[in-house]
Every structure is written in C-alpha cells, then in structure tokens.
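Please construct the entire structure, taking both the sequences and the accompanying hints into account.
Chains A and B, in that order, are what the protein sequence lines are.
Per the working numbering, the first sequence runs over residues 1 to 204.
Per the working numbering, the second sequence runs over residues 1 to 161.
Think of the hints as simulated: they come from the structure by calculation, not from any bench.
Only a predicted model underlies this, so the values are computations on that prediction, with no experimental measurement involved.
Backbone N, C-alpha and C define an ideal beta-carbon position, used for all residues, glycine too.
Incorrect hints may have been included.
[As the list claims (entries may be wrong)] Simulated pairs of lysine to aspartate or glutamate, DMTMM-like, Cα-Cα distance not exceeding 25 angstroms:
#, chain 1, residue 1, chain 2, residue 2
1, B, Lys56, A, Asp164
2, A, Lys115, A, Asp39
3, A, Lys115, A, Glu149
4, A, Lys57, A, Asp78
5, B, Lys145, A, Glu169
6, A, Lys66, B, Glu47
7, B, Lys55, A, Asp81
8, B, Lys90, B, Glu137
9, A, Lys192, B, Glu152
10, B, Lys59, A, Glu180
11, B, Lys56, B, Glu152
12, B, Lys56, A, Glu169
13, B, Lys140, B, Asp88
14, B, Lys145, A, Asp164
[To be verified] Partial chain A-side listing against chain B, Cβ under 10 angstroms, derived:
#, residue
15, Ala16
16, Phe25
17, Tyr131
[Claimed, not checked] Sample of chain B residues lacking proximity to chain A, with all beta carbon distances greater than 12 angstroms (derived):
#, residue
18, Gly72
19, Phe78
20, Val92
21, Thr99
22, Lys104
23, Asn106
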Amino acid sequence: MGRRAGAPEVNAGSMADIAFLLLIFFLVTTTIETDAGLDRMLPPIEPPETDVIIKQKNIFQVSINKNGQLLADEELTDLKDLRAKAIAFLENNGDGTCGYCSGKKNPESSDNPDKAIISLKNDRETKYSTYITVQNELVGAYNDLRNRESMRLYNRKFVELEADYLNPETDKDLKEELKEKVKKIQELFPQKLSEAETSSSSSN
Amino acid sequence: MSKFKFKKTINTPEVSTASLPDIVFMLLFFFMTVTVMKDDTLKVINELPNATEIKKLEKKDRIITIYVGKPGLRYEKFFGTQPKIQIDDKFVSISDFGTTILAKINEKPEHLRPFITVSLKVDKTASMGLIDDVKQELRKIHALKINYTTYEGDTFINLGK
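As structure tokens, this is what we get:
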C-alpha cells in the first residue's frame, strides 16, 4: 500500500456528467428535419416549336376562383370529389386502347391515359392553401392509379417503389431495378398536369 | 475447499462505469455531426399547408429555399402586412427575385446546377398572385424544378377556417 510517486491523477468522475450535459444540449437543439412536399415541374417559358392540337375532350379543366370554389370540367365540384373525378377522367379509355384501365369508355371524355391532360387554373386571389389542396388531390389521383397498377404488376405500391428509388441509401443494383419499374408505371399513367398562367381577377 | 469458501464472502463486484464517458462522448459526437443549425432566421410568418402525396426532399446541397409569407410581428412596422418573399435573411422584391435566385444557383458547384430544386415554403394564408409571379420568374431563369414544401397531414384541414 505504498504511495506511488508522481503527480496525483485528476478525478475524471465528473467527466460523464459534463458529457451528458453537452449531449442533452445537442439532443434538445437538434432537429433532424427533412422537408417534404409536392414536386412539380414548371413548363418552360419558350412555347413548343410545333403546335400540338389537343382535343377538348382530352383536357380536364380545373379552375379555382378567388373564393376557393372549384370548377372541374365545367361543373361546380366539391374538393372532396375532385380526386374521384380526376381518376374517372384519366382512365376513361375512350378509344379502348388502354388494356389496364377500368374506365367507363365515355366517348365524351379522355381517349387514353397517355393523351389525358389535366389543366389547372387559378385566380390571383386564390388562397395558397386551397391551391395546395387541389394540387394534392390531382397528384393523389395519379398516385392512386399508379399504385393500383404497381400493386398488380409488382405487388408493391408505386409511392413506396419511388421513395426507395429516390432514397440515396438504396444500393445501386436495387436502384437500377427500381428505376425500370418506376419508369414502367410512370409510362402507364404519365403525369400531364399543366399549370396555365393565371387569369386576372378583374375578369370575373 | 477453502478457496471456494473465501470467494463466497466477497460482495458482488460493481459494474465498472469507467467507460461511461466514452459512450456518452460517442453519442455526443454523433449528435454534433448530424446537427444542422438553422441557417435562416425566419422573418416571415411561415405556416405551411398540409398535403398527403408528398415526396421527401433529399440532398440538401441542391435545394434553394425561399420563404413567402406576411412579415413577422417585429417587421410589420417596416414592411407592412402584405406577403413578402424572403431568401436567406433578406426580403426580396419580385423584380430582384430572378437575379437573386440566379446568383444562388451560381454559388452551387457546376455539376449540381441542373438538379437544383427550388423549395417554396409558402404560408397558408398567402394568395396565389405572388406565387404566380414567383413561378413566372422561375420560368424566365429556367429553374423549373420546384417543390411546394408542406407538412404531412390531412389536406382538407387547409380549407377549414
């Protein structure tokens, strides 16, 4: 039990407490936040070189006025019914070329999903929250259809496939495989959602 | 035999806590490295709407965030109550908007520029007029990938009020 010579050791017992204090500080201040939202592509400003003639029946016109009322295909529509209406329009399959659609084949509505275009128009005084809700419902209509096809073909939801594909942690081989699947589904129901320039509120 | 007897009299040994600081430090470093301090102080009221069909914004390095909303209470006196655009820490008028975004794009490394996404964080109560102007400006400078950043949640809550 002889005392050893040399400088006495510093008591490190409180080290843990100090570290804990710091840890708790960082725990509290950390916000591991990943933002999420609706991805959209704006149309380029230059008009396309060739004018494409689109039949009126292939356009699903959605207009929102400044009071947040919705006009879908020239009918006053409740926002809650918009998704169903958009789905019915997209997979209407008027010309019968779409084998996977279960639409009504109404000759007055869209020919096939490839030709169907949804056009969204809003007023300058429309509230942003209403606009987002409408956007959400329209994207939702596409996603519902894509999910259905994806379930049929790959037994997985399209949104899951896509999320995995976009996740940077997914490994490369899997990504290639997913890329093809995602592309395939996207081709079945291409997202053609045009955002027309707004009408000014003076016109109504 | 006496060996075993001797052992029985010893108390149960305490667990050594000597490595506790190391463990805690490990956790500490983990949190220190993953922490992203907020780089923008919000000058506008920014309550995002809800949406369900959302996609995550991966890869922070290719995202430019703009905030739109009414100026916060502290700034109301100077900037009024009309919705304004905030980029970084400054209010930007719609006429300077294009050049500001272009400058921000040019700050990014060249290989990332084609993939730049503009994240629009717009307050619920803003009207579409300003957003349409923003969209128009973005089209002019060919920054076409946008993301309406939202919270996740029932989208019909947006309407009630």
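* To do: Go through the numbered hints given earlier and state which of them the structure violates, listing their numbers in rising order.
  => Going through the list in order, the structure violates no hint and respects every one.
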